[in-house]
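Student: Add chain B to chain A, keeping to what the hints say.
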Amino acid sequence: MAEHHHDHNDHHDEGFWRKYIFSVDHKVIGIQYGITSLFFLLVGFCLMLAMRWQLANPESAFITQDQYNMFGAMHGTIMVFLGVVPLAVGAFGNYMVPIQVGAPDMAFPRLNMASYWVYFVGGVVMMLGFLTPGGAAQSGWTSYAPLSVLAGKGAFWDGQTMWLLGMIFLITSSLLGSANIIVTIFQLRAPGLTFMRLPFFIWTQLVTSFLLLLAFPPLEAAGILQLMDRVAGTSFFMPSGLVVSDVVQDYSGGSPLLWQHLFWFLAHPEVYVLILPAMGIVGEIIANNTRKPLWGYKSMVYASIFLGFMSFMVWAHHMYMTGMGTAISAFFQATTMIISIPSVIILTAFFISLWGGAIRFNTPMLFALGFLPMFGIGGLTGLPLGLNTSDIHLHDTYYVIGHFHYVVAPGTIFALFAGIYYWYPKVTGKRMNETLGKIHFFGSMICMNLVFMPMFGMGLAGVSRRLWDGGVSYAHAQEVLNLNTFSTHGAIGLAFFQLFFIFNFFGSLFSKEKADDNLWQATTLEWCAAPSPPIPHLNFATIPEVHRGPYEYSVPGHNTDFLPQTLKKTEA
Amino acid sequence: MDIPYTVKPRPDTGVYNGKMGIWLFLASEVMLFGALFSTLILLYIGSPEGVWHNSVKKLNVPVATLNTILLITSSVTIVMSWASLKMNNLGRYKVFMAVTILLSVGFLVIKGFEYGEKFSHGYFPKTNTFYAIYFTMTGLHALHIIGGVVVNLYLLLPGAKMWYTEPERFTNRIECSGLYWHFVDLVWIFLFPILYLML
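From first to last, the protein sequence lines stand for chains A and B. Going letter by letter, the first sequence gives residues 18 to 589 in the working numbering. Going letter by letter, the second sequence gives residues 23 to 221 in the working numbering.
Just chain A, with the same shape it has in the complex:
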């Protein structure tokens, strides 16, 4: 690190590779994360389009059954682990956390670079799965044993093995990244930036990082164990006397439920990893565009911390159907009801923050406002799944798919779009086109609902998820089959409206107009103390000093309607 130390001081010219590819500057790494994860989101989206086409036209056999399974498993994996989390934590976290806390860089710049490249390798390894003879992993994004262990049994060059290796890389990457973010927030806060003066976005990043740090290792352990099952022939997840195609399998003594426990011990906190940064982004944008402080900022902070704690205690509500017993189910049902409270507190605080504000309806704000009801639908439809009686009917149906997609797609992804529109001027110095942005928003808003709303109907009718023919061969599904077509039309429309975003995203780079340093007249450090884009390597000419809370908007008795965090009390 000694060499790096000098780079900071003399700031000599670096070569292309050092500056853009193997950079240690958190801003470059954030952009790398952003581009890579947006690309993966597009890949995951395309897989979904192929599946939706198949579901609407099952007789066409557009993709084979194996391909359907592959696309399904990889769609989930790519969206969660290669798309949304790296975008929310890798890109936004990396780029915004140091600037918002007034730090020259992340605490460990070289570790930061490592975490990006490990993520990149993990993504490549995952995608290599498609090139293996058996194709990519086919056992769902949850990779339940024994199915996953038996898939391409014993082969090392196999989609499932690549999935496991890819996961181990991704977990390592998020571990390095999250430790870095936590240390940056605790150690590198600018003078005067006390914890209760941190923007809500920083709080959500902090809680998210703790979740990543502590919840991911058990999945790493589970991944190692499954790798052992596949490659070394152990029976961690394989029960005794398992018969497949009339052949008794050579395994004994393991427990398939163990995999589910270890998997969901990660994957439930993962849900909050997906949603918390989204809430953070929405908080920033709502405060800024209502020109009001966030209502109940402290309650929101405590709610997100509580959410973080509780998320470790609800994992088995994904497993009501495993017959683990009513006492345990009752426990997890209770914790699940409890965890809905902090989410509701945060959402309610957002709604109350809107009350009486002079709202500016620009593109980021529209996406943030779109997030609120969409996440609301996602959250409320989750309650019947958390109660184990109603879950018996709804488990593994399209209802579940509708529920979590409402949380993640029009929920989290809308918030991420909001963040992109909001911070794009900060990162590039250019502003994104508002008209295209609004077309993108209204089109996506309508299409998202067209895609996911019908799924509730199908699920309530009892149509299972992961059906290649969309339910054609099931008597009980006949009445709702037309919803499949409906949903597919929505998906095609959604694809069409994303073209506006892609065009806007790249086209705006060439816009001649330079964005103001504090375009949105915001109070937080990244807007009020750093130029757009921030100066390379150091962010700030001098480390800013913080004198006030994060959202001092419309403070009575002042000429301006916002008081930057750097403004001294006496100057105001």
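Read the hints as simulated data drawn from the structure, not as lab findings. Note that CB positions come from ideal geometry on N, CA and C, so glycine has one too. Among the hints, a few may not be true.
Examples of chain B residues lying across from chain A (beta carbon under 8 Å, computed) [claimed, not checked]:
1) P26
2) Y27
3) V29
4) G43
5) L46
6) S50
7) L64
8) G68
9) K148
10) T158
11) L162
Tutor: Quick look at chain B alone, frame taken from chain A:
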């Protein structure tokens, strides 16, 4: 301008960046091994009467005891190496660090022979769930030891030149490496009685 608190502790948190980083990393390691210990307990409860006990009896307790002694000693020597730097004695640091590395390599060599002995008698991870978890956990622990040896070798040889430019920062590095080393030692202190003595 530099990244603050890379060397000196931040007054309100009381630690420098690296130390907080290593503690967070260890927290995640606790979760990693915690998941594996939970797996061990669950598999043990599900195993048929006597199978695990009979497998445990085939493990070599004296050799594992020797290994435990080696690891605990190495934990002491790495503290001594850090203390030597605190007392401005680079030569003694190098001696203690070299001893630490030798002890760790000794651990690995003995572990290797122990594995070899098991393999030659036909005990593989595949044999039953006890051997599966035994080989997985001790194997993962051995990987951690290898990681530690690589870092310590770096700190002993090429990394040591930092002492002449930034002595305090270098001393901090040894402290962080030492914390990690204590953790690896601690994992073994749990593994040894549970795998060799208790079941």
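Student: State the violated hints by number, sorted upward, taking the hints as numbered earlier in the document.
Tutor: Violated hint (a single one): 3; every other hint is consistent with the structure.
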